[in-house]
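Given next are the chains, with one letter for each unit.
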Amino acid sequence: MPLAQQPSSVPVVVDEGKCIADKGCTVCVDVCPLDVLRISDATGKAFMKYDECWYCMPCEADCPTGAVTVNIPFLLR
Amino acid sequence: MDEITEGTSQVDCDILVIGGGTAGPMAAYRAKKKNPNAKVILLEKANVKRSGAISMGMDGLNNAVIPGHSTPEQYVKEITVANDGIVDQAAVYKYAQNCYEIIQELDGFGIRFQKDENGDFDVKKVHHIGTYVLPMPNGDTVKKALYRQLKRARLLISNRYMATRLLTGKDGRIAGAIAVNTRNAEFLVVRAKAVILCMGAAGRLGLPTSGYLFGTYENAANSGDGYAMAYHAGAGLANLECFQINPLIKDYNGPACAYVAGPFGGYTANNEGMRFIECDYWSGQMMQEFYNELQSGKGPVFLKLNHLADETIGEIETILHEVERPTRGRFQVNRNNDYRHGMIEMHISEIGFCSGHSASGVYVDDNACTTVQGLYAAGDMASVPHNYMLGAFTNGAVAGEHAIDYVNEVDFADIDEDFIAAEKERVLAPTKRDDGIPPNQVEYKTRRLVNDYLQPPKVTRKMQLAQDRFAETRAVMENEMVARNAHELMRSLEVSSILDCADMAAFASLFRTESRWGLYHNRADFPERDNENWFCHSILSKDDAGQMTIKKKDVDPYIIPIEDEEKDAYDKQRIKAQA
Numbered sequence: 000m001p002l003a004q005q006p007s008s009v010p011v012v013v014d015e016g017k018c019i020a021d022k023g024c025t026v027c028v029d030v031c032p033l034d035v036l037r038i039s040d041a042t043g044k045a046f047m048k049y050d051e052c053w054y055c056m057p058c059e060a061d062c063p064t065g066a067v068t069v070n071i072p073f074l075l076r
Numbered sequence: 000m001d002e003i004t005e006g007t008s009q010v011d012c013d014i015l016v017i018g019g020g021t022a023g024p025m026a027a028y029r030a031k032k033k034n035p036n037a038k039v040i041l042l043e044k045a046n047v048k049r050s051g052a053i054s055m056g057m058d059g060l061n062n063a064v065i066p067g068h069s070t071p072e073q074y075v076k077e078i079t080v081a082n083d084g085i086v087d088q089a090a091v092y093k094y095a096q097n098c099y100e101i102i103q104e105l106d107g108f109g110i111r112f113q114k115d116e117n118g119d120f121d122v123k124k125v126h127h128i129g130t131y132v133l134p135m136p137n138g139d140t141v142k143k144a145l146y147r148q149l150k151r152a153r154l155l156i157s158n159r160y161m162a163t164r165l166l167t168g169k170d171g172r173i174a175g176a177i178a179v180n181t182r183n184a185e186f187l188v189v190r191a192k193a194v195i196l197c198m199g200a201a202g203r204l205g206l207p208t209s210g211y212l213f214g215t216y217e218n219a220a221n222s223g224d225g226y227a228m229a230y231h232a233g234a235g236l237a238n239l240e241c242f243q244i245n246p247l248i249k250d251y252n253g254p255a256c257a258y259v260a261g262p263f264g265g266y267t268a269n270n271e272g273m274r275f276i277e278c279d280y281w282s283g284q285m286m287q288e289f290y291n292e293l294q295s296g297k298g299p300v301f302l303k304l305n306h307l308a309d310e311t312i313g314e315i316e317t318i319l320h321e322v323e324r325p326t327r328g329r330f331q332v333n334r335n336n337d338y339r340h341g342m343i344e345m346h347i348s349e350i351g352f353c354s355g356h357s358a359s360g361v362y363v364d365d366n367a368c369t370t371v372q373g374l375y376a377a378g379d380m381a382s383v384p385h386n387y388m389l390g391a392f393t394n395g396a397v398a399g400e401h402a403i404d405y406v407n408e409v410d411f412a413d414i415d416e417d418f419i420a421a422e423k424e425r426v427l428a429p430t431k432r433d434d435g436i437p438p439n440q441v442e443y444k445t446r447r448l449v450n451d452y453l454q455p456p457k458v459t460r461k462m463q464l465a466q467d468r469f470a471e472t473r474a475v476m477e478n479e480m481v482a483r484n485a486h487e488l489m490r491s492l493e494v495s496s497i498l499d500c501a502d503m504a505a506f507a508s509l510f511r512t513e514s515r516w517g518l519y520h521n522r523a524d525f526p527e528r529d530n531e532n533w534f535c536h537s538i539l540s541k542d543d544a545g546q547m548t549i550k551k552k553d554v555d556p557y558i559i560p561i562e563d564e565e566k567d568a569y570d571k572q573r574i575k576a577q578a
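Chains A and B supply the protein sequences, listed in that same order.
Numbering follows numbering that gives the first Met the number 0, with no gaps: position 70 of the first sequence is 69.
Numbering follows numbering that gives the first Met the number 0, with no gaps: position 125 of the second sequence is 124.
Just so you know, the hints here were simulated from the structure itself, not pulled from any lab data.
Predicted, not measured: the structure shown is a model, and the values here were computed from it.
Any given hint could turn out to be false.
Derived DSS-like pairs: lysine-lysine, alpha-carbon spacing no greater than 27 Å straight-line [stated by the list, open to error]:
no.: 1; chain 1: B; residue 1: Lys143; chain 2: A; residue 2: Lys22
no.: 2; chain 1: A; residue 1: Lys44; chain 2: B; residue 2: Lys143
no.: 3; chain 1: A; residue 1: Lys48; chain 2: B; residue 2: Lys431
If you anchor each label on the Cβ, the simulated ranges turn out as follows [as the list claims (entries may be wrong)]:
no.: 4; chain 1: B; residue 1: Gln463; chain 2: A; residue 2: Gly43; range: 33 to 41 Å
no.: 5; chain 1: A; residue 1: Thr42; chain 2: B; residue 2: Met547; range: 47 to 55 Å
no.: 6; chain 1: A; residue 1: Gly43; chain 2: B; residue 2: Glu5; range: 38 to 46 Å
no.: 7; chain 1: A; residue 1: Ser8; chain 2: B; residue 2: Asn407; range: 52 to 60 Å
no.: 8; chain 1: A; residue 1: Asp40; chain 2: B; residue 2: Thr311; range: 12 to 20 Å
Non-contacting residues of chain A with respect to chain B, defined by C-beta distances greater than 10 Å in every case (computed) [what the hints assert, rightly or not]:
no.: 9; residue: Pro6
no.: 10; residue: Ile19
no.: 11; residue: Asp29
no.: 12; residue: Pro32
no.: 13; residue: Ala41
no.: 14; residue: Tyr49
no.: 15; residue: Pro57
no.: 16; residue: Ala60
no.: 17; residue: Pro72
Just so it is clear, CB atoms sit at the ideal spot from N, CA and C, and this is done for glycine as well.
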């Protein structure tokens with residue numbers, strides 16, 4: 000059986016203007032307990048790849064440029 | 000990242016600590032401090048900097064036994080009574096005697112504890128009998144302070160490795176563990192003379208009412224891997240029928256929290272704004288009254304703060320919105336909730352295993368030793384009841400210091416290469432399929448079944464049906480689950496732990512044919528407590544034929560006697576009707 004691609008609005012938002020992942024920063028990817036953030040090959044910026052968030056906030060708290068915002072996942076907002 | 004690469008490396012060490020949350024770092028740190036020449040490895044599925052229950056810190060100590068405020072004897076008595084007597088007191092007593100020294104050590108790390116104008120610890124009363132709650136004004140820094148000490152001690156840290164199975168020698172002793180990298184699926188075989196499991200709660204067992212798989216009370220990384228690994232290595236697990244169920248902010252599913260708000264005058268109320276429980280300390284009996292009120296015409300249940308002075312509410316707000324679960328503030332803003340005006344709607348959490356708040360876990364004695372030689376456990380996954388963060392630190396230290404002496408007396412146990420080969424095959428099986436059911440669907444179904452059939456009040460026939468459904472789901476997991484990359488592989492391995500825990504939860508709950516621990520083991524078809532037949536532990540394990548088995552174990556003779564009139568202190572949680 001083939002797998003479907005279901006859309007899902009993710010809670011972690013990255014301001015690409017502030018994100019310095021293209022300069023080699025990986026802090027948010029490194030600290031996430033659920034390992035859901037990645038650096039995009041296309042943009043060089045961090046993004047939430049997997050919708051598996053505990054809305055815990057290390058990614059936002061440790062980001063050196065304040066580029067990351069953790070929102071409450073829609074299902075429990 | 001996430002592409003699957005094949006490969007295996009092997010390392011040897013004296014002590015392998017698995018889990019870098021709270022207990023694990025302290026176990027590794029104390030072992031290394033006692034013997035700086037020993038090789039100690041700390042293995043973590045995420046990153047030790049920000050892993051575990053205290054990823055964003057903690058608002059305070061819930062069980063601090065501090066001279067002048069309480070005594071170890073009084074604490075042991077309180078925990079024994081709060082657990083309906085089913086406690087081996089030696090481990091609780093050791094915790095109570097050692098935890099003050101750990102508080103002083105944490106103080107030395109730069110973690111501040113609240114003091115009054117005389118410079119004494121400002122301990123608050125939340126429990127029924129004693130006074131043990133100590134706020135931490137800079138509690139958000141606890142993980143960073145701890146991490147700094149690990150670096151200073153030159154501990155070997157391996158992040159992003161998920162342990163999948165323990166290795167045991169022919170003689171049954173611990174021989175090490177096998178782990179898989181969560182970003183490239185490479186294997187790591189660690190030979191160790193002792194292994195300390197500090198892998199947290201089984202927090203992804205029930206499904207939160209929001210339906211969001213990761214919206215759990217516990218850090219969602221805590222998928223019960225430690226319970227599953229201990230089980231498969233032949234260790235005994237105690238009282239798994241004593242589930243964890245906690246009172247939480249509805250939908251947000253995090254604590255509100257009565258330990259923070261209680262000492263300031265906040266309390267749990269019904270829809271009339273009235274108190275209905277005597278004591279906000281999280282016991283099974285308190286949870287039963289909470290559940291009763293939720294189901295009644297006076298439900299749902301709220302946390303009430305709006306009667307407090309503005310600056311008091313401000314103080315509570317600062318703690319709730321900056322430490323432990325700081326997104327609580329954002330949740331309240333989205334809902335237009337202001338603690339000054341309305342009340343906060345509360346609900347009960349999904350079920351889980353966690354000795355931090357209840358009493359189930361991998362069975363350990365007062366040295367944190369499990370029933371497998373050379374295998375230790377500490378923190379939320381070990382059987383010392385109600386041990387919270389300070390218990391994880393303290394019992395982690397106990398484990399580390401005992402293990403470092405133990406490894407002087409033993410050599411490596413032999414490793415079974417056939418077992419390692421079979422384990423690699425099991426782990427990688429979902430990556431060898433092009434088609435099938437993805438781990439998120441297997442997980443959702445398992446956890447939905449846990450809610451349908453295992454949530455208290457427990458019913459025999461429903462739990463038997465759960466076992467049938469779990470067996471069907473297991474067949475799918477073993478034969479059809481597909482993982483397309485290393486990240487999905489990690490999730491598929493977590494599903495395996497979750498399903499093992501679900502099976503253990505049903506098996507242990509069916510065994511104990513009485514009701515005990517309030518809501519935690521409320522059996523609708525065996526509603527009475529039966530001390531004559533069930534004043535005992537249950538110990539679940541895997542037998543030589545690979546089947547799940549369970550037996551009774553006597554409660555060890557008490558060190559601190561409990562008077563008859565003290566035994567029911569936690570039974571009378573409901574406030575009596577006003578005359």
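Structure-based check of each hint:
no.	hint	result
1	B:Lys143 / A:Lys22	holds, 25 Å
2	A:Lys44 / B:Lys143	holds, 26 Å
3	A:Lys48 / B:Lys431	holds, 23 Å
4	B:Gln463 / A:Gly43: 33 to 41 Å	violated, 55 Å
5	A:Thr42 / B:Met547: 47 to 55 Å	holds, 50 Å
6	A:Gly43 / B:Glu5: 38 to 46 Å	violated, 29 Å
7	A:Ser8 / B:Asn407: 52 to 60 Å	holds, 55 Å
8	A:Asp40 / B:Thr311: 12 to 20 Å	violated, 51 Å
9	Pro6	holds, 15 Å
10	Ile19	holds, 18 Å
11	Asp29	violated, 6 Å
12	Pro32	violated, 4 Å
13	Ala41	holds, 14 Å
14	Tyr49	violated, 6 Å
15	Pro57	violated, 4 Å
16	Ala60	violated, 7 Å
17	Pro72	violated, 5 Å
Hint check: violations occur at hints 4, 6, 8, 11, 12, 14, 15, 16 and 17; the rest are consistent with the structure.
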